[in-house]
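For this one, chain A is given, so just place chain B with the ligands on it according to the hints.
Residue numbers (UniProt numbering), protein chains in the order written: chain A, 1 to 276; chain B, 1 to 328.
Incorrect hints may have been included.
Stated by the list, open to error - Far from chain A, some chain B residues (derived; all Cβ distances over 10 Å): (1) Ala143; (2) Thr144; (3) Phe150; (4) Glu238; (5) Val244; (6) Arg250.
As the list claims (entries may be wrong) - Covered by chain A, according to a simulated footprint, are these stretches of chain B (three or more residues, beta-carbon under 8 Å): (7) 47–61; (8) 307–315.
What the hints contain is simulated information worked out from the structure, not anything from laboratory work. C-beta: ideal position from N, C-alpha, C; glycine also.
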Amino acid sequence: MTADPATESGYADHPKRMGFFTDTSICIGCKACEVACKEWNAVPEDGLAFTGMSYDNTQSLSADTWRHVAFVEQPRPLGHQQHGFGDMDFRWLMASDVCKHCTHAACLDVCPTGSLFRTEFGTVVVQDDVCNGCGYCVPACPYGVIGKRESTGVAAKCTLCYDRLGVGQEPACAKSCPTDSIQFGELDELRERAARRLEQVRAAGVDSARLYGHDPDDGVGGTGAFFLLLDEPEVYGLPPDPVVTTRDLPSMWRQAGIAAAVLLAGIAVATWGSRT
Amino acid sequence: MDDDPALRPEREATVGSAGGRRRRGEQPMVPPAGFRSYYGLPVLNEPTWHDHDIAGYLFLGGLAGASSILAAAADLTGRPRLARAGKAGALCAVGGSLYALIHDLGRPSRFVNMLRVFKVTSPMSVGTWILSAYGPQAGLAAATAVTGLFPRLGRAASAGAGLTGAAVATYTAALISDTAVPLWHGGHREMPLLFAGSAMSAAGGLGMFAAPVAEAGPARNAALLGTAVEVAAAKAMERRLGPVVAEPLRQGKGRLARLGEGLSVAGALLGATAGRRSRAAAVVAGAALLAGSACTRFGIFHAGVASAGDPRYTVEPQRARLSAERRA
Ligand code: SF4
Ligand code: SF4
Chain A
1 MTADPATESG
11 YADHPKRMGF
21 FTDTSICIGC
31 KACEVACKEW
41 NAVPEDGLAF
51 TGMSYDNTQS
61 LSADTWRHVA
71 FVEQPRPLGH
81 QQHGFGDMDF
91 RWLMASDVCK
101 HCTHAACLDV
111 CPTGSLFRTE
121 FGTVVVQDDV
131 CNGCGYCVPA
141 CPYGVIGKRE
151 STGVAAKCTL
161 CYDRLGVGQE
171 PACAKSCPTD
181 SIQFGELDEL
191 RERAARRLEQ
201 VRAAGVDSAR
211 LYGHDPDDGV
221 GGTGAFFLLL
231 DEPEVYGLPP
241 DPVVTTRDLP
251 SMWRQAGIAA
261 AVLLAGIAVA
271 TWGSRT
Chain B
1 MDDDPALRPE
11 REATVGSAGG
21 RRRRGEQPMV
31 PPAGFRSYYG
41 LPVLNEPTWH
51 DHDIAGYLFL
61 GGLAGASSIL
71 AAAADLTGRP
81 RLARAGKAGA
91 LCAVGGSLYA
101 LIHDLGRPSR
111 FVNMLRVFKV
121 TSPMSVGTWI
131 LSAYGPQAGL
141 AAATAVTGLF
151 PRLGRAASAG
161 AGLTGAAVAT
171 YTAALISDTA
181 VPLWHGGHRE
191 MPLLFAGSAM
201 SAAGGLGMFA
211 APVAEAGPAR
221 NAALLGTAVE
231 VAAAKAMERR
241 LGPVVAEPLR
251 QGKGRLARLG
261 EGLSVAGALL
271 GATAGRRSRA
281 AAVVAGAALL
291 AGSACTRFGI
301 FHAGVASAGD
311 PRYTVEPQRA
321 RLSAERRA
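Chain A extracted, bound-state conformation (with noise of 0.2 Å):
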């Protein structure tokens, strides 16, 4: 199954699907891309707090973070590494999370105004103007991606800068990152640069590592951003196993049909069953 969500939107003629690929076994954790999406993107502050969780102050994505960097402490050695603390062994994981644009989109599936949709590159975008605020999209993205801003009343997510792809630029985040570990292309391609980057870390010893949302026979038929990550999704507050909601609908339309034809029935029986 390679669906095109941009052929199956009604696109004829339209650009390479276009993703992230977000190495996180060369992320340093120096938040540069969610600094950049917020400045490029004009996101608001969303609170400034110590959360005592390693260096991890935004703690999750949400309608006003569109980039999260996640900071986990493990301890065990990564790879081959040396430490030159004696016995120490200790690893850092870190990984910028961000929107996955999934080829099949909960967010955009349920949203009942049409406010979300697929662009022409195969994203998922918000439009605040049509959005009415009914947080539908909130907990059907199985990822807790999207949120709804307060101050807006309405719904916010990352746009894999849509603004900059028209114009042929690479997103903000992709653009500022020092070590290239989000990496901004054509989907096809950045899929070929992930299997061979995988080899290549798992020949340096780093044998726990593996790609997430790459495989298009996933729950979600395979995201436009997926990553390489060090341990299981979990750690990094990754669903292990997603699956988009829209999935099971036929089945949940037929039984609230059912459902209905019980109640009409049922009120019948108790109405022409009745003595009085």
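Frame of chain A; chain B with the ligands shown alone:
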């Protein structure tokens, strides 16, 4: 090695904490195996819906829809006072549910905004259209019943409201199930029947509450039947969810669901016994049934929100699914 629970990132982990003290061969204390998360933070974003608006909406929508059906049936069998009670109740309930919906959206124009598209993949969009078809008919049915004007128009509106009412009472189950919220999504097969049963018992309760004993026979039966459907669907849903995902139904405000079941059963039984003769008993039974239906909806709402707010309920079932696939 990756699944070693000792590697769980802990809030108290500090740089170098694994160095020094732990010696080779010494086993560290490990938390219960299997579940890891990012500092215990939720994977999903919690629904932004307010409980009094949306849980209230789920209850009122069910009450309105089922009351319209009961009223239409009462019309057809010559029970005018039961019919009038059902129609007036349905109009108040649908008015209240519209208020709740618009209050949650913030502005009335936002409701109209939803009518710009029709999407079957969005139960909220479908529901908006269902409500737009149902609301005016329910209003017309109530107005003609109360004033006695235009009886033929009234009969048509009452039949129309009864038919669309069935959709109003059940689509909300698809609405909340079509999310990633573990408890709501996991219960998607049973949720519509549960909602239909709860709506039927609420409408029965309203009928007993507002109509004279002599005409309330259908209401008493509907309460019994509805409660039976609700309880059976709730049991089946809990079984399918399994002990982990169903847990929020037994904790905190999720326990309202259990209370709701109890109230419905008590109300239905009281209505079917003492409620046949005594007006006072019928009123008490009706009130219990209405309260029971409201508690059920609030309980399911809160349990769902709690299941979204804890990463366990997202990660554990997905992990279980993955390992089952791997074994197969
Ligand atoms: S990750 Fe969530 S917000 Fe992003 S496209 Fe997928 S469903 Fe939508
Ligand atoms: S909050 Fe806005 S973007 Fe999200 S589903 Fe509702 S209308 Fe669509």
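For each hint, the structure was consulted:
| no. | hint | in the structure |
| --- | --- | --- |
| 1 | Ala143 | holds (22 Å) |
| 2 | Thr144 | holds (20 Å) |
| 3 | Phe150 | holds (24 Å) |
| 4 | Glu238 | holds (16 Å) |
| 5 | Val244 | holds (14 Å) |
| 6 | Arg250 | holds (21 Å) |
| 7 | 47–61 | holds (count 3) |
| 8 | 307–315 | holds (count 4) |
Hint compliance for this structure: every hint is met.
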